[in-house]
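Engineer: The lines below spell out each chain.
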Amino acid sequence: MLKKIVEHSQIKSPWLVHYDCGSCNGCDIETLACLTPLYDVERFGVLNIGNPKHADVLIVTGTVNKRNKKVLKQIYDQMPSPKIVIAIGACGLSGGIFREAYNVVGGVDKVIPVDVYVPGCPAKPEAIIDGVVEGLAKLSEIQKAGKPKKEAIAS
Amino acid sequence: MTLVYALLGVVLAPFAGILVAGFDRILTAKFQSRTGPPLLQPLYDIAKLWAKEPMIAHRFQPLCVYIYLAAAMVSVALFFAQSDLLLIFFVQAVGAIFLVIGAFLVPSPFSQAGANRELIQILTYEPLIIIVLAGIYLTTGSFNISAIYAMDKPLLINLPLLFIVFGYALTIKLRKSPFDISASHHAHQELVRGVLTEYSGRMLALIELAHLYETILILGLCSLFWTTSIWGMVVLLALTYLIEIVVDNISARMSFRWMLKSVWTTGLALSAINLIWLYSGGRF
Numbered sequence: 001m002l003k004k005i006v007e008h009s010q011i012k013s014p015w016l017v018h019y020d021c022g023s024c025n026g027c028d029i030e031t032l033a034c035l036t037p038l039y040d041v042e043r044f045g046v047l048n049i050g051n052p053k054h055a056d057v058l059i060v061t062g063t064v065n066k067r068n069k070k071v072l073k074q075i076y077d078q079m080p081s082p083k084i085v086i087a088i089g090a091c092g093l094s095g096g097i098f099r100e101a102y103n104v105v106g107g108v109d110k111v112i113p114v115d116v117y118v119p120g121c122p123a124k125p126e127a128i129i130d131g132v133v134e135g136l137a138k139l140s141e142i143q144k145a146g147k148p149k150k151e152a153i154a155s
Numbered sequence: 156m157t158l159v160y161a162l163l164g165v166v167l168a169p170f171a172g173i174l175v176a177g178f179d180r181i182l183t184a185k186f187q188s189r190t191g192p193p194l195l196q197p198l199y200d201i202a203k204l205w206a207k208e209p210m211i212a213h214r215f216q217p218l219c220v221y222i223y224l225a226a227a228m229v230s231v232a233l234f235f236a237q238s239d240l241l242l243i244f245f246v247q248a249v250g251a252i253f254l255v256i257g258a259f260l261v262p263s264p265f266s267q268a269g270a271n272r273e274l275i276q277i278l279t280y281e282p283l284i285i286i287v288l289a290g291i292y293l294t295t296g297s298f299n300i301s302a303i304y305a306m307d308k309p310l311l312i313n314l315p316l317l318f319i320v321f322g323y324a325l326t327i328k329l330r331k332s333p334f335d336i337s338a339s340h341h342a343h344q345e346l347v348r349g350v351l352t353e354y355s356g357r358m359l360a361l362i363e364l365a366h367l368y369e370t371i372l373i374l375g376l377c378s379l380f381w382t383t384s385i386w387g388m389v390v391l392l393a394l395t396y397l398i399e400i401v402v403d404n405i406s407a408r409m410s411f412r413w414m415l416k417s418v419w420t421t422g423l424a425l426s427a428i429n430l431i432w433l434y435s436g437g438r439f
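Protein sequence lines, in the order shown, are assigned to chains R and X.
Residue numbering for the first sequence follows the working numbering, beginning at 1 and increasing consecutively.
Residue numbering for the second sequence follows the working numbering, beginning at 156 and increasing consecutively.
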């Protein structure tokens with residue numbers, strides 16, 4: 001019973017932390033647009049929390065470069081599990097048009113394990129909300145499988 | 156019998172608190188032309204935080220959180236046992252200080268800044284609450300809650316200005332704008348989460364739970380201003396909370412200097428007027 005309430009709550013209350021890995025701000029603006037009255041992600045219990053220690057979902061936009069990959073890793077490590085990572089936009093997925101630049105590492109998944117990829121340049125707010133919902137579906141699959149959450153998500 | 160009331164209060168207060176907080180969030184969303192979260196969202200948040208992986212920033216932090224929660228629970232129990240108002244107030248104050256100590260233990264600048272601001276908030280509202288309690292004493296002749304219930308006229312008639320003063324303390328205690336300076340949801344770059352930054356997972360869940368207790372306690376104190384009829388009490392509480400939400404939505408977050416200046420000058424002036432009026436025997 002108690003376990004069911006907790007599992008239900010984990011799906012119903014995802015708190016986001018948003019990290020911009022040097023995006024052009026296109027995806028950032030679309031991400032923050034999800035919080036406006038038009039999309040209102042608080043319907044799903046989503047809060048933009050700004051503190052990795054309180055967050056469940058890490059949203060990363062932009063290319064990862066050699067400077068900020070340490071910061072990205074550190075933010076990921078500061079989040080207590082269960083946690084999911086969502087990479088947003090062409091740059092977050094693969095490096096986008098900056099992929100061949102000398103300072104670019106590539107997509108977010110080169111540094112931390114990514115659960116959901118949201119494509120687009122920039123990704124639409126609808127797509128981002130869909131990405132978060134997909135991420136929560138993945139979390140509930142992990143709960144059903146009963147695997148230890150930390151390893152299951154990290155793989 | 157008082158023990159039964161106290162236990163009942165401690166058991167039921169979190170549920171009432173969840174409903175109040177959920178209703179608050181829905182109403183806030185409506186004011187911003189959004190749909191808002193489900194009514195039980197605070198419960199979901201607490202249950203989720205409870206199941207997070209523990210990350211303790213300092214080994215004494217859990218102790219501080221437990222004392223904060225225990226103080227909040229004891230003060231609610233004392234309130235429902237119709238005990239001494241001063242006792243309730245001091246027990247609650249001890250808890251509030253331990254939350255600050257827990258934040259000071261960690262050298263993170265956000266936690267430190269938030270803890271400093273929380274201390275100034277406590278410094279701002281505690282004298283006001285003491286003055287309100289003094290006003291209640293001048294009216295009823297006792298600090299006991301049962302003495303208030305023995306009155307045949309509501310306190311609000313004798314203490315209208317002190318009720319406004321109490322409203323200031325209520326806003327600070329509920330962490331609402333313009334006084335949400337220590338742990339704002341919205342000040343990401345400036346504060347992260349202020350005094351709550353370094354608490355996470357289960358500790359944060361307990362803090363949220365303690366905050367629900369404090370909300371119920373402060374609404375309970377508010378209800379003492381109309382004890383003669385249950386409907387009067389309900390209307391007073393609903394109106395006060397509605398005004399709190401409206402003020403929260405229409406005002407920006409201000410600085411602590413502004414808070415100290417405005418709350419102390421208006422608060423102390425209003426309470427002085429009310430107390431002088433009471434002292435000179437101006438009673439209906």
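It is worth saying that the hints were derived from the structure and are not from the lab.
For every residue, glycine included, the Cβ atom is placed at its ideal position computed from N, Cα and C.
Hints are supplied without guarantee of correctness; some may be wrong.
Derived BS3-like pairs (lysine-lysine); straight-line CA-CA distance at most 30 Å [to be verified]:
(1) X/K185 x R/K12
(2) R/K66 x R/K144
(3) R/K124 x X/K416
(4) X/K331 x R/K12
(5) R/K70 x R/K4
(6) R/K110 x R/K124
(7) R/K124 x R/K4
(8) R/K12 x R/K66
(9) R/K4 x R/K144
What the simulated footprint calls covered on chain X by chain R, stretch by stretch (three residues with Cβ under 8 Å from a Cβ of chain R suffice, anywhere in the stretch; the number is not a length) [claimed, not checked]:
(10) 223-237
(11) 355-368
(12) 400-413
Label pairs and their calculated CB-CB ranges [to be verified]:
(13) R/K144 x X/Q344: 37 to 45 Å
(14) X/Y434 x R/L38: 40 to 48 Å
(15) X/Y304 x R/P113: 23 to 31 Å
(16) X/Y304 x R/A137: 52 to 60 Å
(17) X/F178 x R/A145: 58 to 66 Å
(18) R/D130 x X/Y304: 52 to 60 Å
Engineer: Against each hint, give a clear statement of whether it holds in the structure.
Structural biologist: Do the hints match the structure? See the list:
no. : hint                        : verdict
1   : X/K185 x R/K12              : 20 Å, holds
2   : R/K66 x R/K144              : 37 Å, violated
3   : R/K124 x X/K416             : 46 Å, violated
4   : X/K331 x R/K12              : 24 Å, holds
5   : R/K70 x R/K4                : 37 Å, violated
6   : R/K110 x R/K124             : 24 Å, holds
7   : R/K124 x R/K4               : 33 Å, violated
8   : R/K12 x R/K66               : 36 Å, violated
9   : R/K4 x R/K144               : 11 Å, holds
10  : 223-237                     : violated (count 0)
11  : 355-368                     : holds (count 3)
12  : 400-413                     : violated (count 0)
13  : R/K144 x X/Q344: 37 to 45 Å : 38 Å, holds
14  : X/Y434 x R/L38: 40 to 48 Å  : 56 Å, violated
15  : X/Y304 x R/P113: 23 to 31 Å : 60 Å, violated
16  : X/Y304 x R/A137: 52 to 60 Å : 53 Å, holds
17  : X/F178 x R/A145: 58 to 66 Å : 36 Å, violated
18  : R/D130 x X/Y304: 52 to 60 Å : 55 Å, holds
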